Amino acid sequence: MTAILLPEPESAVVARRDAIVKDLVAILGHASVIGDEDGRRAYETDAFTAYRCMPLAVVLPDSTDGVAQVLAYCHRNGIKVIPRGAGTSLCGGALPAEDAIVIGVSRMNKVLEVDTSARSARVETGITNLAISAAVGPAGFFYAPDPSSQLACTLAGNIAMNSGGAHCLKYGVTTNNVLGVKMVMIDGTVMEIGGAHLDADGYDILALIIGSEGQLGIVTEATVRILPLGEGARPMLIGFESTAKASICVSRIIASGIVPVAIEFMDRPAIEVCEAFAKAGYPLDVDALLIVEVEGSEEEIADRLGYIAGIAQELGPSSLVISADDAQSAKIWKGRKSAFGAIGRKADYLCMDGTIPLSQLTYVLEEISNICKRYGLGVANVFHAGDGNLHPLIMYDANDARQAERAEQAGADVLRLCVAAGGCLTGEHGVGIEKRDLMRVQFSDVDLAQQMRIKTLFDPQWLLNPAKVFPLDGRPVPAARASDPAIAAE
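In this note's numbering, the protein residues as written are 97 to 586.
Since the hints were made in silico from the structure, they are not lab data. Remember, it's a predicted structure, so these values are computed and weren't measured experimentally. We put the CB at the ideal spot given by N, CA and C, even for glycine. Just to be clear, a hint being listed does not mean it is correct.
Straight line, CA to CA, 27 angstroms or less: simulated DSSO-like cross-link-like pairs of lysine-lysine [unchecked claim]:
{"#": "1", "residue 1": "Lys430", "residue 2": "Lys375"}
{"#": "2", "residue 1": "Lys442", "residue 2": "Lys469"}
{"#": "3", "residue 1": "Lys427", "residue 2": "Lys442"}
{"#": "4", "residue 1": "Lys266", "residue 2": "Lys430"}
{"#": "5", "residue 1": "Lys427", "residue 2": "Lys375"}
{"#": "6", "residue 1": "Lys118", "residue 2": "Lys176"}
{"#": "7", "residue 1": "Lys430", "residue 2": "Lys442"}
{"#": "8", "residue 1": "Lys427", "residue 2": "Lys266"}
{"#": "9", "residue 1": "Lys375", "residue 2": "Lys442"}
Cβ pair distances, simulated, as ranges [said to hold, decoys possible]:
{"#": "10", "residue 1": "Glu327", "residue 2": "Arg498", "range": "48 to 56 angstroms"}
{"#": "11", "residue 1": "Ala494", "residue 2": "Asp543", "range": "30 to 38 angstroms"}
{"#": "12", "residue 1": "Lys469", "residue 2": "Leu411", "range": "24 to 32 angstroms"}
{"#": "13", "residue 1": "Lys430", "residue 2": "Arg470", "range": "28 to 36 angstroms"}
{"#": "14", "residue 1": "Ala303", "residue 2": "Asp399", "range": "30 to 38 angstroms"}
{"#": "15", "residue 1": "Lys206", "residue 2": "Gly236", "range": "19 to 27 angstroms"}
{"#": "16", "residue 1": "Glu288", "residue 2": "Glu194", "range": "28 to 36 angstroms"}
{"#": "17", "residue 1": "Ala494", "residue 2": "Pro556", "range": "33 to 41 angstroms"}
{"#": "18", "residue 1": "Lys266", "residue 2": "Arg148", "range": "36 to 44 angstroms"}
All chains should be built: construct the whole structure from the sequences, respecting the hints.
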């Protein structure tokens, strides 16, 4: 006779939640625990707002020791944990679950040490991305990764998703700028990996942790690389009558051997919305716009911008404007950095995050347009062209269930296209829940099994950020691995 599993009565769920909240209060105190419904609702989603779920409880520790105590408690009691920075994840990476608690690090936001001689800073990971540069700026330094959400996003989230930003073309993404971390394991053990030195011996575990999406532990402190501020920087705007010409221009700039600080790409829908919002002086009579920035002395800037202008002129640009001063440069970047919010004023959107080889840029942009047309949806493209990290914003009405479904289908087709073109599913946003069921598009069963074994090594019960990253499509795995704990956990 088959047993029938009935849903747990609501009274039992409430009693369990109340007991967990009481225990958490005993560990951290009332001020660090949120158990009421209104308080928990503020954490029911992240920036991937298509999905929402109320967590059991939210805890906001103010120290590594507090995080360790809570994780040890959750480990003993089999309670799932959702790590959270500022909740700016665009892939559902910080989406809660009903049977999980959220551990937020936003109160851990101090700069602990700055060593300009070693060009490093040690900070708590609840600090915002932009606040790191603000802290070291008076000494003539900055922290290079600069995602568009840098005013709000935390270093914790940057580390989880290996975030980049506009200036990653020259300076690299998070993994290129973090030297060491302090991480709390699920059982409360505190690990220290790397440090202020430039490289660590042994296996490169640091590279494994950065980009692991909170699946291996909670990073509470990090030692980051800080760089001397350049003498100056200046962007230029290059407008083209077609995305094809703009794509060719990007490839030719990179092929020339010059590495600008940034090459950003916007198509007509993005240009129009961002110009209406920021009044940045973007040309409105072009189908594609490049923002190319170089840095150095005035002589270097003039020489490099002149060389890049020469490359662009061979393709017959519709407009070419070099920023005249700091005020104009700030407006140019305000438009780009405000792109996601500006487009959000026009429509709901899903932001994709595929990465492709630059040689495929023209073809992939054309196909993205065709995909969205097939689903009857609009799309705006604004992305980091220099490293091929695409961000098509698929526009739809979130109040229309059919449109929302079509938007997700279109997004999945776009990501399949990126992989087919020789790229990958994500450049800086992570996998989260958004792309987990597409992981088989890029990885074989063997690939996924190896990744899941690593997850199991760090988190045997799979309590950390469950139901993220790995596919839940129910497909069988090879029989030889059927007893693997990693497989059983899924």
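Here's how the hints hold up against the structure:
Under the criterion of a C-alpha separation no larger than 27 angstroms, the hint pairing Lys430 with Lys375 is consistent with the structure, at around 9 angstroms. For the proposed pair Lys442 and Lys469, the alpha carbon gap of about 18 angstroms is at most 27 angstroms, so the pair holds. At roughly 21 angstroms between alpha-carbon atoms, Lys427 and Lys442 fall within 27 angstroms of each other, so this suggested pair holds. Simply put, Lys266 and Lys430 have alpha-carbon atoms about 20 angstroms apart, close enough for the 27 angstroms limit, and the pair holds.
Simply put, Lys427 and Lys375 have alpha-carbon atoms about 7 angstroms apart, close enough for the 27 angstroms limit, and the pair holds. Simply put, Lys118 and Lys176 have alpha-carbon atoms about 17 angstroms apart, close enough for the 27 angstroms limit, and the pair holds. The suggested pairing of Lys430 with Lys442 holds, with an alpha-carbon distance near 18 angstroms, which does not exceed 27 angstroms. Restraint check for Lys427 and Lys266: satisfied, since their Cα atoms lie roughly 22 angstroms apart, inside the 27 angstroms limit.
Under the criterion of a C-alpha separation no larger than 27 angstroms, the hint pairing Lys375 with Lys442 is consistent with the structure, at around 16 angstroms. Against the hinted window of 48 to 56 angstroms, the Cβ-Cβ separation of Glu327 and Arg498 comes to about 54 angstroms, which satisfies the hint. The beta-carbon spacing between Ala494 and Asp543, approximately 34 angstroms, falls within the hinted interval of 30 to 38 angstroms. A hinted range of 24 to 32 angstroms for the beta carbons of Lys469 and Leu411 is consistent with their spacing of about 26 angstroms.
Take Lys430 and Arg470: their Cβ atoms lie about 34 angstroms apart, and the range 28 to 36 angstroms holds. The given range of 30 to 38 angstroms is respected by Ala303 and Asp399, whose C-beta atoms sit roughly 36 angstroms from each other. Here the CB-CB span from Lys206 to Gly236 is close to 21 angstroms, well matched to the stated 19 to 27 angstroms. Take Glu288 and Glu194: their Cβ atoms lie about 34 angstroms apart, and the range 28 to 36 angstroms holds.
Between Ala494 and Pro556 the beta carbon distance is about 38 angstroms. The supplied range of 33 to 41 angstroms therefore holds. Between Lys266 and Arg148 the CB atoms are about 38 angstroms apart, so this pair conforms to the stated range of 36 to 44 angstroms.
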